[in-house]
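Participant: Chain residues, written in single-letter form:
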Amino acid sequence: MHTDTRRTNWWATAFVAVCALTVLIPIYLGVVVALKTPDQLAGSGFELPTQIRWENFAEAWERANFPRALTNTAFITVGALALTLVTNSMVSWAIARNLHRRFFKGVYFYLLAALFVPFPIIMLPLVKETALLGLDNQVGLIVLYTVFGLSLNVFVYTAYIRSIPVELEEAARVDGASTWRVFWQVIFPLLAPMNATVGILTCVWAWNDFILPLVVLSDPAARTIPLEQYVFQGQFNTDYTVAFASYLMAMAPLLLVYVFAQRWVISGVVRGSVK
Amino acid sequence: MTTTTARVPAVPVVAPPRRGAGARFRRPFYWMVLPAVVLFALFHTLPVLVGVFFSLTNYAGYGAWDFVGVRNYVNLFRDDRVLGSYGFSFGFAIVATILTNVISLAIALALNARIVARNTFRGIFFMPYVLAILVVGYVFQYLFSNSLPKLLPAVPVIGENILSSPDWAWVAIVVLAVWQASAFAIIIYLAGLQTIPPELYEAASLDGASAWHQFTRITFPLISAFFTINMVLSLKGFLQVFDHVVALTGGGPGTSTESITLLIYRGGFTGGEFAYQTANAVIFVVVITVVSLLQLRFLQRREADF
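Just so you know, the protein sequences line up as chains H and R, in that order.
Mapping to this note's numbering: the first sequence position 168 is 168, numbers consecutive.
Mapping to this note's numbering: the second sequence position 133 is 133, numbers consecutive.
Only chain H is shown next, with the shape it has when bound in the complex:
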């Protein structure tokens, strides 16, 4: 690695520190308000709690239906993740290895063109369609995340697959492996770095998404965590301490994963974005 011989730039350090503080302020506010009793909210909210009220979390857990919402969100995220990784990588491999054929090239540009179509045009008719097909539920969302993710993911995967030498597959083929087996045993493992990238993007998207669950889900029992925060906010909007405990629990899972796997997450996202 290139060793940095420059002197420490204290102006830049100070600037970065001030900006980083700006990022942390709302998160700090989220934590301290969630820990307070309602009567400690007379001030600006920034004061440290004088007495911690853990019951906020227990109450929010009940009132914002966390057991149910967590199950739904986890099911949707894991489902979308698994289905996306397996299918999108397979589609991408088939496209990447056949781009000289008109059909596959057409499919490639068809999927890519959809990147430019904004969601609002799809929204209203899509809701009619999912309701008609009985997909206005968690399974429907898994399908939608997998299908809508195709455009971007095919783009990410094909760029990477083209850097994998074709000879590897040909060797396996000569040994008599079928196309499916070549994909599963040779290609899929080789795609690990891109699987990580696509996996991170899919997880963050499916876990935090608000608009798709909002319009697609019809049964209150199917609500995801962000959707439950939206409903909760509308019902108990003055109960700030409990509401904040709820927000904190909503943000905690991904935040914890991020704190512990920070470098891996950042490098994954960068790998998918910079070619």
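Incorrect hints may have been included.
[To be verified] Dumping the calculated DMTMM-like pairs for lysine to aspartate or glutamate here, alpha-carbon to alpha-carbon at most 20 Å:
| hint | chain 1 | residue 1 | chain 2 | residue 2 |
| --- | --- | --- | --- | --- |
| 1 | R | 150 | H | 219 |
| 2 | R | 150 | H | 47 |
| 3 | H | 128 | R | 160 |
| 4 | R | 150 | H | 39 |
| 5 | H | 128 | H | 239 |
| 6 | R | 150 | R | 160 |
[Claimed, not checked] Now the stretches of chain R that chain H is said to cover, found in silico as 3 or more residues with beta-carbon under 8 Å:
| hint | region |
| --- | --- |
| 7 | 79 to 86 |
| 8 | 263 to 276 |
| 9 | 283 to 289 |
It should be emphasised that the hints constitute simulated quantities derived from the structure, not laboratory data.
C-beta atoms are modelled at their ideal positions from N, C-alpha and C, and glycine is treated no differently.
Dock chain R against chain H, hints included.
Facilitator: Coordinates of chain R only, in the frame set by chain H:
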């Protein structure tokens, strides 16, 4: 998709047809792609076509409907609420795009300098990326409506809850949007900056180039591709703003911060304006496409000038 990702679409190099690629081996490729294409057409392309179809009717979202030709489109241009939503969305998106990119670039430059605890700072800056905008938005709502009025009671507008001001509430939405979107933009710019060989700066400082000169003559030209794509994707994403508005103002006060997406959602689902708002969405697609292409063309021409 709400995730903005910086990526330059490029035509892949076409591999030459290989000799002896057996049909038995090739056929499964079609089976791998076909179901995906069918599902994509079913859930993405079909809704677009159905939308265009219904935009020519008076369908309310339920019950009977008739063809009305282009009446919906004509009415859109006379509808103050629609025009208002375009005004808000564009004003918001332009300001948020500029601020996000200026701030992110500045932070990325500072992170790229020799600073203390660089990786820790980088980790902090990327944190908002993994948080749901809606949920963070509720924390910001408390910040704007409760904390700031108590901390800065003497400051006009902010001292009396910026979110209840029809003229200034959009600024609060910009703050949330920039706070969240900078996470991704900083990382992309930083990745771009790290592709510049340090020798270039060494040579430039030997020639006596000032820091500003080094930025305008070396740094910026070399990362202009990142700049272009960040600008295009930021603007496109911000024009479709939804979660931010729902969390902070719900479109209010009145309809002063109602975005196009929020209007389509409300009118289409609860306002009995299915066909009308679909027509609005069709116009919106055209607007977004034209804006993105113009922007791409303009920025890429600038890139070529260097």
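Participant: Which of the stated hints cannot be reconciled with the structure, identified by number in ascending sequence?
Facilitator: Numbers 1, 3, 5, 7, in rising order.
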